[in-house]
Amino acid sequence: MSSWAKADLAKLYAALPWSAEALEGWDRTTETGGGYYESHRPDSAGRTDTERQLVDEMRARVLEPAERVVTHEFWSTCDDVPTARSALKHAATGDPDPS
Numbered sequence: 001m002s003s004w005a006k007a008d009l010a011k012l013y014a015a016l017p018w019s020a021e022a023l024e025g026w027d028r029t030t031e032t033g034g035g036y037y038e039s040h041r042p043d044s045a046g047r048t049d050t051e052r053q054l055v056d057e058m059r060a061r062v063l064e065p066a067e068r069v070v071t072h073e074f075w076s077t078c079d080d081v082p083t084a085r086s087a088l089k090h091a092a093t094g095d096p097d098p099s
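Per the working numbering: the sequence shown = residues 1 to 99.
In case anyone wonders, no lab produced these hints; they're calculated from the structure.
Mixed in with the good hints, there may be bad ones.
[To be verified] Now the in silico label distances, taken between C-beta atoms and shown as ranges:
id	residue 1	residue 2	range
1	V81	W4	25 to 33 angstroms
2	G46	K11	28 to 36 angstroms
3	T29	D79	20 to 28 angstroms
4	T29	E73	55 to 63 angstroms
5	D80	G46	44 to 52 angstroms
All residues carry an ideal CB built from backbone N, CA and C; glycine is no exception.
Throw the hints in and build the complete structure from the sequences for me.
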């Protein structure tokens, strides 16, 4: 579910204006003070209230699995939570914890 939610959120971001707020765009070249690379952004009208709400809802979907794991009651049974979380992280790969 989380990877689908992340992919859906990435697609949404790609379809939305680059800035959540209305901002002027820019053209920067190495000659005009752009540093070592050139960059360009068109003017952004910002996002509508509906678009902001949709982003908030989709971000919540992405964060939900992590919140469920981090706040699970199991962690209150562990003497050393960081070590237990690290062991869980490495359990799927079979690699020992590098620490």
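Each hint tested on the structure:
Distance hint for V81 and W4: a CB-CB separation of about 29 angstroms, consistent with the stated range 25 to 33 angstroms. Restraint check, G46 to K11: a C-beta distance of roughly 19 angstroms breaks the suggested window 28 to 36 angstroms. At roughly 58 angstroms, the beta-carbon separation of T29 and D79 lies outside the given 20 to 28 angstroms, and the hint is violated. Between T29 and E73 the CB atoms are about 56 angstroms apart, so this pair conforms to the stated range of 55 to 63 angstroms.
Look at D80 against G46: about 47 angstroms separates their beta carbons, and that is inside 44 to 52 angstroms.
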